[in-house]
Amino acid sequence: MAKVIEGLYYAESHEYVKVEGDFGYVGITDYAQEQLGNVVYVDAPEVDDEVTQGEEFGAVESVKAASDLISPVSGTVVEVNEELADSPEKINEDAFANWIIKVQLSDKSELDNLMDAAAYEGLCS
Amino acid sequence: MAYKYFPHTEEDIQQMLKVAGVNTLADLYAEVPEELKLKRDYDIPSEMSEVDIRKHFKALGDKNKQLVCFAGGGVYDHYTPSVIGYITQRSEFLTSYTPYQAEISQGTLQYIFEYQTLMADLTGMDISNASMYDGATATAEAMMMAVANAKKKNQVLVSAALNPAVIRVVETYAKYHGVTIKLIPTLNGATDKAALAAELAKGESAGVIIGQPNYYGIVEDLTGVADMCHEQKALLVINAPASTLAALKTPGEWGADIAVGDAQSLGLPMSFGGPYLGYFCAKEALVRKMPGRIVGGTTDHNGKRTFVLTMQAREQHIRRQKATSNICSNQGIMTLMVTIYMSLMGPQGLKEVNEQSYAGAHYLYDELLKTGKFTPAFEGQTFFNEFVVKTSLDVGKLQQKLLDNGILGGLKPEGVDNAIMFAVTEQRSKAEIDKLVELIKEA
Amino acid sequence: MNSTYYGTLIFELSKKGRKGYSLPANEFKGYAIPASISRQSETMLPEADEQTVVRHYTNMSNNNFGVDTGFYPLGSCTMKYNPKINEENATHPAFAGLHPLAPASTVQGALEVYYNTQKILSELGGMSEFTLNPFAGAHGELTGLMVIRNYHMKRGDLKRTKIIIPDSAHGTNPASAAVCGLEVVEVKSTADGTVDVDDLKPLLGDGVAGMMMTNPNTLGIFETKIPEIAKLVHECGGLMYYDGANLNPLLGVCRPGDMGFDVMHINLHKTFSTPHGGGGPGAGPIGVRAGLEAYLPNPQVKKAADGTFYVNYDEDSLGSISGFFGNYAVVLRAYTFLLSAGKEQFAKMGSLAVLNANYIKESLKDCYELPIQGLCKHEFVFNGLIDKSQHVTTLDVAKRLLDYGFHAPTIYFPLLFHEALMIEPTETESKDTIDEFIKVMKQIAKEAAEDPEMVKTAPHKAPITRVDDVKAVKEPKLTYKAYL
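Chains as they are written, first to last, in this note's numbering: chain H, 1 to 125; chain V, 1 to 443; chain Z, 1 to 484.
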C-alpha cells in the first residue's frame with residue numbers, strides 16, 4: 001500500500017505540495033513512484049522559472065515510462081532539489097522526503113483546489 | 001496453386017480453418033462490411049518468375065547510363081570496399097528488427113555502439129545517436145531540437161551557403177512545426193559573418209545552421225561563430241559531409257553544439273539518392289533532447305558487458321506527442337556499412353581518401369583555369385573536394401557533350417549564374433580528369 | 001545464432017600499423033591539405049586488417065536473431081520472409097552507381113521502377129497517386145499530415161490545427177502530429193478496443209484538420225464502423241489519414257481508399273517484404289486520393305505523353321521532405337516483391353496472415369488471457385497468462401520464448417492491457433512452425449506454474465542473460481571512451 005501523509009495537499013495527477021509559510025515543496029506521491037517503478041531521471045525546471053497550477057513543469061522518467069509533472073500550485077521556483085540530478089532513485093526510497101522544487105506561492109487560495117490526505121487516499125484505493 | 005513465399009498446403013488451410021472456427025478463408029472477414037470489400041482482381045501485373053524478373057531488371061538497367069561521376073552536391077562517388085556488401089547481407093543483421101530484445105540482438109547493439117563511438121569521434125562531439133534517415137532530415141531535427149532547447153525562441157538562422165537540398169527540407173519541417181527560418185546571405189560564396197552577427201544580436205534566434213564545407217565546396221572560417229551563438233544562448237549546428245570530418249577541423253573544434261550531416265560519403269553507394277544515413281552528434285549536456293535511438297553500455301545479470309537501447313523516455317513509444325521527435329528507426333544496415341567502412345579504412349585510409357579527393361579537385365581546378373574558359377567563382381576562398389567556376393560556355397551544352405562521352409560532368413550550382421560545379425573523389429584517376437579537360441577544351 | 005557471446009569491440013582489435021583497405025597511389029603531387037583548415041585531434045578509428053574486420057562482424061552477427069533464424073511473432077511489425085531476389089536487385093549494378101542529380105535522360109530505368117511502384121501501390125491502396133520519398137513509416141505519417149495541413153492552408157482554412165487520434169494508436173501517430181504542429185485530441189476506445197463513435201462526435205468541429213486511424217486497429221480488430229467515422233470526419237471538413245502499419249491483413253480483401261481514407265502511408269518493410277535491417281532502412285510511401293496529388297512532396301516522378309519519365313517540382317507541393325527520392329534501394333526491393341507476387345498472390349496474402357493469427361489465438365486461449373473474443377485480423381493481444389498466481393509476467397514469458405529459439409512477441413503494447421502480449425504471425429509462416437510455437441507457449445505456461453523462478457530468470461540459453469537497463473540510464477556509457 002502506498003503511503004499518504006497527513007497535512008499535505010494532493011493533486012489528482014499525483015503530485016503533493018507541503019506548505020511552509022509562503023513556500024511550497026512540490027514532489028510526486030508515494031503512489032506515483034510505485035506506479036512508475038525505478039526512477040532514473042528527473043527533468044526539473046530552473047530557479048526563477050514560473051510554474052502554474054495545473055500546468056506541466058517537468059517530467060519524471062523510469063526506464064520504460066515517463067510521467068509529466070503537473071504543478072499543484074502557481075508561483076516562482078526558488079530552489080530545485082539538486083540531489084535528484086545524481087540520485088533520482090531517492091524518489092523511490094522516500095517520495096515525500098525528496099521534493100523536486102520549492103515554490104514561492106503566488107496564490108495560496110489555490111490550495112483549496114487540492115485534496116487532503118483522506119480524499120487522496122480514496123483516489124488511490 | 002502453391003507459391004514460393006506461402007508455405008500453406010490445402011490440407012493445412014482446412015485444418016487451421018477448423019481451429020479458427022470458420023469454414024472458408026473468406027469467412028475470416030465476416031465482420032467486414034460488404035460494401036468495403038473489393039470484388040474484383042487488383043489491376044496490377046500478374047506474378048512473375050524469378051527468371052522473368054531478372055530479364056525485366058536487365059532491360060530496366062539498360063535504360064540507365066553508367067557514367068564517370070564528377071557530380072557532388074551532397075552525394076559523392078567514393079569507393080565501397082567489397083567486404084561491406086558481404087557482411088551486410090548476413091541475414092542475422094539484415095532480417096532482424098529494432099533491437100528491443102537485447103538478449104538476442106547484441107550484434108545490432110554492438111555495431112551501433114561502435115558507430116556512435118566512431119561518429120562522435122569523427123565530429124569531435126561527445127555523443128551520437130544511432131543514426132537518422134539522411135543528412136537533410138537530421139539537419140531538420142537539429143533545427144527542431146534547437147527550438148525545443150531555447151524554449152521561448154522559435155527562429156533559426158540558416159546560412160544560404162548550406163546545401164539547398166538540405167535547406168528545402170529544413171524549411172518544410174519549419175513551416176509545419178511553426179519555426180521561422182531566416183537565411184543569412186553569403187559573401188563571396190561563404191556565410192556573411194557580419195550579417196550573422198547582426199541577426200544574432202537581436203536575441204531572437206534559437207540556433208544557427210552552417211554547412212562546412214558549404215554547398216560550393218568552400219571551407220569556411222568559422223572563428224568566433226560559436227562564441228557569437230553562445231552569447232545569445234543559441235545552439236551552433238554544423239552540417240558536414242561525413243568523410244571530410246577526418247581531415248578538416250571538426251564541428252567540435254569549431255565549438256558546435258550539434259553536428260549533423262550525411263554519412264553517404266563513408267562508403268555508401270550513391271544508389272539514386274538512398275538509402276543513406278544521417279548522423280546526429282551533440283554535446284553530452286543535450287543528450288535528453290536528442291532525437292532517435294541511442295545505445296548504451298551496461299551489464300547483464302552475470303556482469304558481462306552488454307549493450308541496450310537506452311534513454312528511451314525521450315521517444316515516441318513512451319512520450320507520444322511530447323517525444324523529442326517522431327522518428328522510431330535508425331538506418332540499421334546503413335549504420336553497419338558505415339561502421340565497417342571506418343573499421344577497414346582506419347585513420348590512414350580516411351586520410352588518404354581525403355588527400356586524394358582534395359588533390360584531384362585542385363588539379364582539375366587548375367587545369368580548367370588553364371583552358372582560359374573558366375574563372376574562379378569565389379576568388380580567394382579555400383575549397384576542399386568540390387568547387388564552382390564561372391564560364392563563358394553554355395553550361396547546358398557542355399553538360400550534354402560530357403554526357404555523350406560517358407561523363408556526368410559538373411552540376412549547375414543553385415544561386416550562381418553561368419557557373420558549373422565539379423566534385424572529385426579518390427575514384428577519379430588523372431586519366432579521367434585529363435579526358436574531362438580535353439573534352440572541355442574542344443567545347 | 002550462438003549460445004556463447006561474442007563481446008569484443010573493434011577498438012579492442014586495433015593494432016597500430018595494420019591496414020584493411022587498398023587505394024590507388026596519389027597521382028596528384030603538390031596538393032596538400034593546408035594545415036590551417038586541418039583537423040587538430042587524432043581520430044580513434046581502429047587499425048585492422050581485412051580478415052580481422054570480417055571475422056569481427058561475422059562473430060558479432062552470431063549474437064543476433066533474424067527472420068531467417070526463426071519465427072518472429074512481433075505484433076504490429078509484420079516480420080515476413082525477406083525474399084533473396086529482392087536483395088539481388090537492391091544492389092543491382094545498373095542502379096547502385098546512379099547519382100540522384102543525374103539528368104532524367106540518363107536514369108530512365110530508375111525512374112520507371114519508381115513510377116511503376118507508385119502505380120501499383122496506388123491500386124493496392126485505392127488511392128490516386130503515391131510518392132515513395134518518405135524514408136520510414138513515421139516519416140510517411142509526418143508527410144501525410146503535411147499533405148492534410150497543406151490542403152487546408154491552400155484553401156485558406158487556417159484554424160484547422162487539431163488531429164483526432166485513438167487512445168490505442170501507435171505512439172508515432174501523436175508524435176508525428178506534434179512534429180507537424182498539430183494539436184492531438186484523443187478519442188477513446190470502447191471495451192472491444194474499437195473507436196467509440198459517441199466519444200468522437202463531440203470532438204468534431206471546424207478546428208479539426210483530420211483523424212488518424214489504423215484499420216485493423218492495434219488490437220487486430222477490424223473497425224467495422226469506419227464508413228460512419230469517415231462520414232462524420234468528412235462532414236466536419238476534416239480528412240481521414242490511414243496508418244498503413246496494419247495493412248497486411250487487408251491485402252486481397254479491401255482497400256483504405258474504399259473505406260473513406262484520403263491519405264495513407266504504407267510500410268514497405270512490413271507489407272512489402274523489405275528487410276527491417278535491425279531498425280532500417282525502411283520506407284514509408286504515402287498515397288492520396290484524387291484532388292490531393294499536387295500536394296505530394298517534391299521531387300515527383302511523372303510520365304510524359306511520349307512514355308519517358310521526368311522529375312517534377314510542383315508549386316502546390318507541401319515542399320521537400322527528403323534530399324532526393326527517398327530510400328531508393330528499398331523501393332527496388334519492394335518493386336521486385338510486387339512483381340513476384342503479382343495480382344494472383346496479393347489476392348491471398350491477407351487471408352493467410354489472418355488465418356495464422358486466428359489459429360494461434362484459438363489454440364492458446366486456454367493458457368493465456370484473451371481479453372477480446374472473436375475473429376482477429378493479422379494480430380491479437382493476450383493479457384498475460386491466465387494463471388497469474390505465480391506472478392510470472394509477460395516480460396518473463398517473452399524472455400523464456402528466446403530459450404526455445406523464437407523471437408518474443410511485442411510486449412506491453414497496446415497500453416489498454418497491463419500485461420499485453422501482442423502476436424502477429426505473417427502469411428510466410430508454416431503450420432509446422434506455428435504448431436511448434438503453440439507447443440512452446442503451452443510449455444511456458446506449464447513452467448510458469450511449476451517452476452516460476454526459472455521462467456522469471458530467463459533467458460538461459462541466449463548469448464547473454466537479462467540486461468540491466470536501469471544501470472544503462474543511470475550510468476550512461478554512450479561511446480567506447482566511457483570504458484577507457
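A portion of the hints provided could be inaccurate.
[As the list claims (entries may be wrong)] Result set (SDA-like, lysine to any residue): computed pairs, CA atoms no more than 25 Å apart in a straight line:
| hint | chain 1 | residue 1 | chain 2 | residue 2 |
| --- | --- | --- | --- | --- |
| 1 | Z | K84 | V | Q399 |
| 2 | V | K401 | Z | I37 |
| 3 | H | K64 | Z | P459 |
| 4 | Z | K471 | H | D86 |
| 5 | V | K322 | Z | T308 |
| 6 | H | K64 | Z | T308 |
| 7 | V | K441 | Z | K29 |
| 8 | V | K153 | Z | A94 |
| 9 | V | K39 | Z | K471 |
| 10 | Z | K303 | V | P45 |
| 11 | V | K322 | H | A85 |
| 12 | V | K322 | H | D48 |
| 13 | Z | K84 | V | M1 |
| 14 | V | K39 | Z | A230 |
| 15 | V | K152 | Z | P371 |
| 16 | Z | K302 | V | Q89 |
| 17 | V | K55 | Z | K481 |
| 18 | V | K152 | V | L200 |
| 19 | Z | K188 | H | A85 |
| 20 | V | K65 | Z | V184 |
| 21 | Z | K481 | V | T299 |
| 22 | V | K153 | H | A65 |
| 23 | V | K153 | H | K64 |
| 24 | V | K193 | Z | P371 |
| 25 | V | K289 | H | G122 |
| 26 | Z | K16 | Z | L484 |
| 27 | V | K322 | H | D107 |
Everything labelled a hint here was simulated from the structure, so no lab data went into it. Model, not experiment: these values are computed from the prediction.
Evaluation of the provided hints:
1. In summary, the hint linking Z:K84 to V:Q399 is not supported, as the alpha carbons are separated by about 38 Å, beyond the 25 Å threshold.
2. Pair hint V:K401 plus Z:I37 does not hold up; C-alpha atoms about 36 Å apart against a cutoff of 25 Å.
3. For the hint pairing H:K64 with Z:P459, the CA-to-CA distance comes to about 20 Å; that is within 25 Å, so the pair holds.
4. For the hint linking Z:K471 to H:D86, the alpha-carbon distance of about 13 Å falls within 25 Å, and the restraint holds.
5. In summary, the hint linking V:K322 to Z:T308 is not supported, as the alpha carbons are separated by about 45 Å, beyond the 25 Å threshold.
6. For the proposed pair H:K64 and Z:T308, the alpha carbon gap of about 52 Å is over 25 Å, so the pair is violated.
7. Between the alpha carbons of V:K441 and Z:K29 the distance comes to roughly 23 Å, so the proposed pair stays at or under 25 Å and holds.
8. A distance of roughly 48 Å separates the Cα atoms of V:K153 and Z:A94; the hinted pair therefore is violated under the 25 Å criterion.
9. Among the hinted pairs, V:K39 with Z:K471 is inconsistent with the structure: their alpha-carbon atoms are about 56 Å apart, more than 25 Å.
10. Our distance criterion of 25 Å between C-alpha atoms is met by Z:K303 and V:P45, whose separation comes to about 18 Å.
11. Proximity of V:K322 to H:A85 is assessed by CA-CA distance (about 21 Å); at most 25 Å being required, the pair is judged to hold.
12. Taking the CA atoms of V:K322 and H:D48, the gap is about 24 Å. The hint holds against a cut of 25 Å.
13. At most 25 Å may separate the alpha-carbon atoms for a hinted pair to count; Z:K84 and V:M1 meet this at roughly 21 Å.
14. For the suggested pair V:K39 and Z:A230, the alpha carbons sit about 21 Å apart, so the restraint of at most 25 Å is met.
15. For the suggested pair V:K152 and Z:P371, the alpha carbons sit about 46 Å apart, so the restraint of at most 25 Å is broken.
16. With a C-alpha separation of about 33 Å, the suggested pair Z:K302 and V:Q89 falls outside the 25 Å cut-off, and the hint is violated.
17. Simply put, V:K55 and Z:K481 have alpha-carbon atoms about 51 Å apart, too far for the 25 Å limit, and the pair is violated.
18. For the hint linking V:K152 to V:L200, the alpha-carbon distance of about 15 Å falls within 25 Å, and the restraint holds.
19. Between Z:K188 and H:A85 the CA atoms are separated by roughly 36 Å; this puts the pair beyond 25 Å, and the hint is violated.
20. For the proposed pair V:K65 and Z:V184, the alpha carbon gap of about 48 Å is over 25 Å, so the pair is violated.
21. Distance restraint check for Z:K481 and V:T299: the Cα-Cα separation of roughly 16 Å lies within the 25 Å cut-off, and the hinted pair is therefore satisfied.
22. Only pairs whose Cα atoms come within 25 Å are accepted, and V:K153 paired with H:A65 is rejected, the gap being roughly 29 Å.
23. Restraint check for V:K153 and H:K64: not satisfied, since their Cα atoms lie roughly 31 Å apart, outside the 25 Å limit.
24. Annotation: proposed proximity of V:K193 to Z:P371 is violated, straight-line Cα distance about 63 Å (limit 25 Å).
25. A hinted pair counts as satisfied when its Cα atoms are at most 25 Å apart, and V:K289 with H:G122 does not qualify at roughly 37 Å.
26. For the hint linking Z:K16 to Z:L484, the alpha-carbon distance of about 17 Å falls within 25 Å, and the restraint holds.
27. For the hint pairing V:K322 with H:D107, the CA-to-CA distance comes to about 29 Å; that exceeds 25 Å, so the pair is violated.
Consistency note: the structure conflicts with the earlier hints numbered 1, 2, 5, 6, 8, 9, 15, 16, 17, 19, 20, 22, 23, 24, 25 and 27.
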